[in-house]
Amino acid sequence: MSPVLIFVQTLLSGLLTGGLYVQIGIGLSLIFGVMRIINFAHGELMLVGMYLSYALFTIFGIDPFLSLIIVAPVLFFVGAAIERIFIQPVSRAKEENQILLTVGLSLIISNGFLLLFGADYRNVTTSYSGSVFYLGPISLSLPMSLSFLVTLVMTVSLYLFLMKSWTGRAIRATAEDREAAMLIGIDARRMGLIAFGIGTALVGVAGSLLDPIYYIFPGAGGPFTLKAFVVTVLGGMGSITGAMAGGLLLGVAESLGAVYLSSGYKDAIGLLLFLGVLLVKPSGLFGRSRL
Amino acid sequence: MRAMKPLPPKLFVWTVLLLSILLIAPSLWGAEPIRIGVITTLTGPEAPLGSAQKNGYDLALKAINAKGGVLGRPLELVYEDDGGKTQGAISAVESLIGRQKVVAISGAYTSQSTFSAGGVANRNGIPFLCPTGASDEITRQGFEWVFRINAPSSVYASSMMEALRRTVQPKSLAIIHESTLFGSSTAKSIQEDAKKNGIEVRLVEQYEKGAADFKPTLLKIKGSQPDVVFMVSYVQDAILLMRQAHEVDLNPKVFAGAGAGFTTPEFLQGAGRDAEYLLTNTQWAPDAPFPGSKEFAADYQKTYGRPPTYHAAESYATVLVLADALRRAGATDPAKLRDALNQTDLMTPFGPIKFENYDGFTHQNRHAMPVLQILKGQYVTVWPPSFATGKLISPIPPWKERAQK
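Which chain is which? The protein sequence lines are A and B, in order.
The opening position of the first sequence corresponds to residue 1 in this note's numbering, with each subsequent residue numbered one higher.
The opening position of the second sequence corresponds to residue 1 in this note's numbering, with each subsequent residue numbered one higher.
Calculated from the structure, these hints are not laboratory results.
Positions of the beta carbon are idealized from the N, C-alpha and C atoms, including for glycine.
Errors might be hidden in some of the hints.
As the list claims (entries may be wrong) - Some chain A residues close to chain B (C-beta under 7 Å, calculated; not the full set):
1. 13
2. 136
3. 139
4. 141
5. 263
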């Protein structure tokens, strides 16, 4: 394969992976933007989506892409419940305590799944799990391409929701200036609840999308929480467009780094890029609080 | 001096009662079992294979105790789970030696855990048997208390390389390996063998266990156009590697996988049609030509409802070896047991077991590893000719020409 083709293939591959990172990170960005809470349980919430899809697939034979219709609302309620029960009581506490709370949540969730499903690695193998389609000599993963489309649709919908709908604008107002929003009659607590729910639904969907192409185990959440953080901070905390750019950039950087530099240190390359961006532009690529 | 008063009647009766109970008790409890410690992986990504090991151990235990145990005492296996982590293995050995007071230890599953645990056992003067850990280093430390049943990773490399040289005759190869001891050590052996035989190693790519995306690496390998792509992985990574090799349309003359992840039913299930034509080698297959091999496989299938992996055969043989050594030693004393192990010359369903010192290895059983190819969804032994039950296919059809799912 010619060097040019290899580059194009690597780039496209990286974009598809980046799409997944966007899906994972965008929820965290939204939550942070509105509530200024650093949610260390984000990866574990994705795990809930993974296991839920797995269960729907194994018990009812529902394809992970179709089960999104169930997973998204369920995860919305899970997120809202967590927000109401655990997060709201500490919303005015010190940041360290809030972080400790989310870390505790992540431990409870991942160990809960360890109890329920055991430590065995689970696979969701669909008929298209390894399928590819070809654009000339370039091969693209079918499930990842479908996931990219899903992410595109969801991100655009989120953007439109935040820009055009009343609730969306209220959420943005709360993110921009909580006190001012309350002064003009917006129920800031309710906006936080909704934002947390949406953020959780988004990352839960990421879990379903990952099912056909990765594997499921109770410890799967951790590394993805890290990716979500990188995406969020890279794009500028609270910025949706930033998270989109950040996710794609991370995916492409890892992909190119693996091919042209070193496979073993591919994760490190993504993180180095992250450090580099922060050094130059500390508030992230797109600044903050501009949903 | 006053005459001694007779003991009060109640106290006297109780004392006699207590003494008699203490004297009779041992025979009431039965002969005390001989305790052997076992370290395996029962949680975490390698759990299915750790449990295959456990099944092998249990099956052998049942067989031996059914025949009256060893030295008139039943054998008992004390299991510890290392969770697939080195620290877990070290804690396990220390617990087995310090708290459980076992006479010997067998373990673990991963090379990393085995290596560390073996070191601890050696420092404490307790015989340690390795059934599965492959990395060469395990029996190259001059440890006098560590014995290995299975072939070391250099044999994974050399047996596969020999098979490749005699059939596929590759001029170049690329290696992709996981980054812990097993992967690195095997990759090194492959490179040494290639160099010795004039095969060009175009690329050596390592990855972190648990990576989700190998496509960039596979693309890089595709660019270098090797005759053979040689992979060293545990099962989950192995599944993703084959799927993604299909996705990037990587078409070497043949894919080779160095045992471990590639030789398990989970791999066949997870990789499906993408596993077809893969060459892999194994420590043992159910159709191995050793006495008791087929019976062991049938017994395992009946008891656990699935065919045994080579790990189960290894752990089964380990218990047989320990029982045999204990009988010859006539005691559970560590030094006597170690000496008896040194004299082992036993045929098992896994193969003949004799511990030798050669080429820098100590207490290593010279076990031969056959090469398998996945044909029509089944593992078929294709090398060496004396073991082969099928013909090795090479070059394999490119992905686009294979029957679609």
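Legend entry - Restraint satisfaction for residue 139 of chain A [CB to CB of chain B, less than 7 Å]: Status holds, d = 5 Å.
Legend entry - Interface hint status, residue 141 of chain A versus chain B (Cβ within 7 Å): With a minimum Cβ separation of about 5 Å from chain B (threshold 7 Å), the hint on residue 141 of chain A holds.
Legend entry - Supplied contact hint for residue 263 of chain A, tested at 7 Å Cβ to chain B: 4 Å, holds
Inset, instruction - For the hint on residue 136 of chain A, just tell me whether its beta-carbon gets within less than 7 Å of chain B. - result: 11 Å, violated
Inset, instruction - Grab the minimum C-beta distance from residue 13 of chain A to chain B and call the hint holds if it beats 7 Å, violated otherwise. - result: 5 Å, holds
Hint compliance for this structure: hint 2 alone is broken.
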